[in-house]
Amino acid sequence: MSGPLVVMAAGALARLRPMREASLNELVRVGEAGLLGEVIRVEGDVATVQLFEETAGLRLGEPARPTGGPLTAELGPGLAGSVLDGVGRPLEAVARASGAFLQPGAEAATLSREHRWEFRAAIRPGSTVAGGDVLGTVDEKPGLEHRILVPPRAAGRIAALEDGSYTVDEPIGALEDGTELRLAQPWPVRVPRPVAARLRGDRPMVTGQRVFDLLFPVAQGGTVAVPGGFGTGKTVIEQTLAKFAEADVVVYVGCGERGNEMAEVLEEFPALEDPRSGRSIMDRTVLVVNTSNMPVAAREASTYLGMTVAEYYRDMGYRVALLSDSLSRWAEALREIASRLQELPGEEGYPTYLSSRLGALFERAGRCAPLGKPEREGAVTFVAAVSPPGGDFSEPVTQASLRAAGALWALDPALAHQRQFPAVDWEVSYSLYAGPTAAWFADEVGADWPDLRQEILTLLERDRELRDVAGLVGPEALEDGDRLLLQVARLVRELLIGQSAVDPVDAFSPLARTHALAGLLVALRDGARSAIDRGRALESLDLAPAVRALSAVRRAGPDELPARVVEARSAIAALRREGTAGDQPAGGDVTAGEGGA
Amino acid sequence: MTAPVRTYRGAAGASGPLLYLPDARGAVLGEWVALESPGQPARRGQVIEVGTQLTVIQLLEESHGLAPASTRVKLTGELAGMPVGLELLGRVLDGAGNPLDGLPRPVGEAWRPVWGAPLNPVRRARPADVIETGISAIDGLNTLVRGQKLPVFSGPGLPGLDLAARVVESARVPGGEPFAVVFVAIGITERETRGFLERFEDREALERTVVFLNRTSDPTLERLLAPRLALTVAEHLAFEAGLHVLVVMADITHYCEALREIAAYREEIPGRRGYPGYMYTDLATLFERAGILRDGTGSLTQLPVLTMPDDDITHPIPDLTGYITEGQIVLGRDLHRRGVSPPVDVLPSLSRLMKAGIGRGRTASFHRAWADQIYALYAQGREARLTAAIVGEAGLSEADRRAVGFADRFEGEFLGQGDRRRSFDETFAVGWTLLESMPRDELLRIDDETWAARPGADGG
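Residue numbers (my numbering), protein chains in the order written: chain A, 2 to 598; chain B, 25 to 484.
You may find that some hints are simply not true.
Restricting the straight-line Cα-Cα distance to at most 16 angstroms, the calculated cross-link-like pairs of lysine to aspartate or glutamate (EDC-like) are [to be verified]:
# : chain 1 : residue 1 : chain 2 : residue 2
1 : B       : Lys-379   : A       : Asp-504
2 : A       : Lys-142   : A       : Glu-274
3 : B       : Lys-379   : B       : Glu-156
4 : B       : Lys-379   : A       : Glu-268
5 : B       : Lys-98    : B       : Asp-47
6 : B       : Lys-379   : A       : Glu-269
7 : B       : Lys-379   : B       : Asp-396
8 : B       : Lys-379   : B       : Asp-153
9 : B       : Lys-98    : B       : Glu-60
Since the hints were derived computationally from the structure, they do not count as laboratory data.
I would like the entire structure built from these sequences, with the hints used as guidance.
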């Protein structure tokens, strides 16, 4: 027998010989079980392979079978709504074949071989096409048109192309040079898909989360790092974005996280409606799932698989949100493999190339003009959760992410302990997209949007200073104006920044509501302030009616919003008048009973 | 996957718990090894690396006095396994699965590899059935559900195992059926073990309990095996026999130390504080074995107990655990010192699966708002307490003074329930009493509808 054999195996690594012809990143099936692995080192005739599957039971001398190509994603109709493991196997198909527990060596193609798709050609035989041109479309899911593209590296005149019903294996046509055209195309996951041009990111990806949209916006095609210790709500944020972010397609990579969380996603998403299209969230979602107890090397691959799928939908001209939870598990997989290879470790045992690999991954996000005709625009917006050990942001993965990302949403355990969610630390977080997207917000939502943002940030900053002082001298020692600011800042935290992910109305805050709340809070401060300036004591001001009116705004659906805003305005105006009228209004119950919208 | 038994005479070398075998063709990664050495007790080990040059065997027992050259090494061809079945209920075994109760070795209905296989995420059901533990800090504020893994973060001298024992003792599900309990002691003392088991003795409870004991004096490396044996048995009871199983593992800190010990012998590059870089993954292969199958009737719930070294929650052991588990119950030294029992510090405690289990038709429609409001006030009170320590009570605002009062009463009346078991309704009632002592305007998290609908409300 002349094929390569296992000459060493330990943990997720195996060495094979003879493998003189092996290429780096070549996919290999190892052992009688056919464990999937990838060549990561070639020395003479020995190839070192990282295995994507559990290796217990692997024996010395078992045969191995090189596949001749790298790990590729199969890109085509049927991705939307699917749940894939880190190397692209649909978990449902795997379960049908081998039961509730994962067995190594499973073979399952990403896309269904049987499903027939109705293809409608967009161009005629005889036309000349190049990489990225739209050949035609199939309806992948209700409301999601899957555009069939010429593979990036193909070009020529079309010899045949016909409408009809095809599986992903059947040719839909051919180029004159004989190249067959199909509904699906393979792409190596570690190679970025090419684009025609990169575009500026000056449009926001609206998230429906007030703290992000107002204070730390992310641009379409932007990148965000979301570091936070355990229990600070990273996963809830990622899931909330998957539900509500303004995206045509969502790719959610659950990398090294909890199985029960994925069960939750799988139960919730199909039942949830996209607030914009009214269709099931699952219909526009691709889930890549590699839980923490699944083999570690596949975890590393899963992030690249997710990125490749996201790029593919971007190339069709879609806005894609790529949500990764968590990037730290990806980095730990790198570390584990590097350590088994006895590579010289960098900081905290991570390989020295951590930062460059991570940077290259972030660079695959962006807003672009995809290759081909017709001209279109697509974006991959990348939001990556990071799990710093001990919540310490100075660790290598967080630091490398910060160098690469355009925004930081820092999560704070102290806020989480107070059940202030999302627990975004507004003092540490930032967004480099706030400037570029300001004009869009001013045009589309309200001309005062950028000013309001600044007002709120300044108010929170002043609140921190005052709380430092109050911690030394006690709040009672502050003057009325400052104590008012402390009270208003508390309302900003509770009503504006705080947002419930489980309340059906509050979970998604349209920009109009976010804008109204921010404006009303600033007006409340100004109103109470002017009363104080005219000599009223803070204690004698009854803020309660205005606060209740604001709570009602927060819970108002789109139809009720204008009426609730008017009520809140009048409550604030009443407060402002208190400074002039000498007598105190009855107060208290003016708008009571309207809280539970 | 089984290979024939092969016997080798003489090993090439040994260091610590590792034994090196040259030229062991056909060695199977993960297979079980039996060692015989003249004048020495029989030992067992496991193949952790196979190679044409060198095969590495990790011993389960101490290697003290082992002479590699005169050792007979038998490769059994079997992956580490454990008999499973309903007959395991009522048994007491050691950390390697040998009987400690004087009864014959269990035969079981089947033999299962102890490393388990990952549960396919699409075949999991979402855990959503609450468990009433009788402890207000858990039921009210950090509700436990079936299929969850919720560790107790204890500290040296804090009653972590006691709390786990109390949960095991009084855990009830609305349906009423009792839990089967799998208890695995990992490197804990005789006294701790006895303290735990005495709660069950003289009762039929012991008949639905499986106990695995690896005590302080038992081989260190057995600590890596014992929880896997226990979980293998528990998985069978839950997913095949259809029982609701509660697995208590104590103490995960000893487990992690054993992991570090073996990593050092293997000359691996250490991660934080010397623990191996793969500790997250390794712990995940334990904790992720909790869950519920979509087409099954049973459930596997885990209550691991760990000791935070120096009460430090950022230490790698609690830190990595917290990243894997679905929340944590943290014990507070201050509370314990002040005699609050159980001393659960609810601020850093969390149950991630609570939201699926609570609410209308499950616990109470107001549960979420009620818990959020208690949290907010208690957090405010704790912060104000710190301020008061600097500026004195008089320097506090009215609202802060009230919040301090709330925090005091919360700790005394809500947390400090002593040995009394509280039903969900009793827990809610204690909480509402505390909330009603506050001005309505300060209860921002409770809307008017919820307020009007609270139990015992006087018509709104």
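The hints, checked one at a time:
1. B:Lys-379 - A:Asp-504: This hinted pair holds, its Cα atoms lying about 11 angstroms apart.
2. A:Lys-142 - A:Glu-274: holds (14 angstroms)
3. B:Lys-379 - B:Glu-156: holds (15 angstroms)
4. B:Lys-379 - A:Glu-268: holds (14 angstroms)
5. B:Lys-98 - B:Asp-47: Measuring from Cα to Cα gives roughly 14 angstroms; hence the hint holds.
6. B:Lys-379 - A:Glu-269: Judged against 16 angstroms, a Cα distance of about 13 angstroms means the pair holds.
7. B:Lys-379 - B:Asp-396: holds (12 angstroms)
8. B:Lys-379 - B:Asp-153: holds (11 angstroms)
9. B:Lys-98 - B:Glu-60: holds (8 angstroms)
Checked against the numbered hints above, the structure violates none of them.
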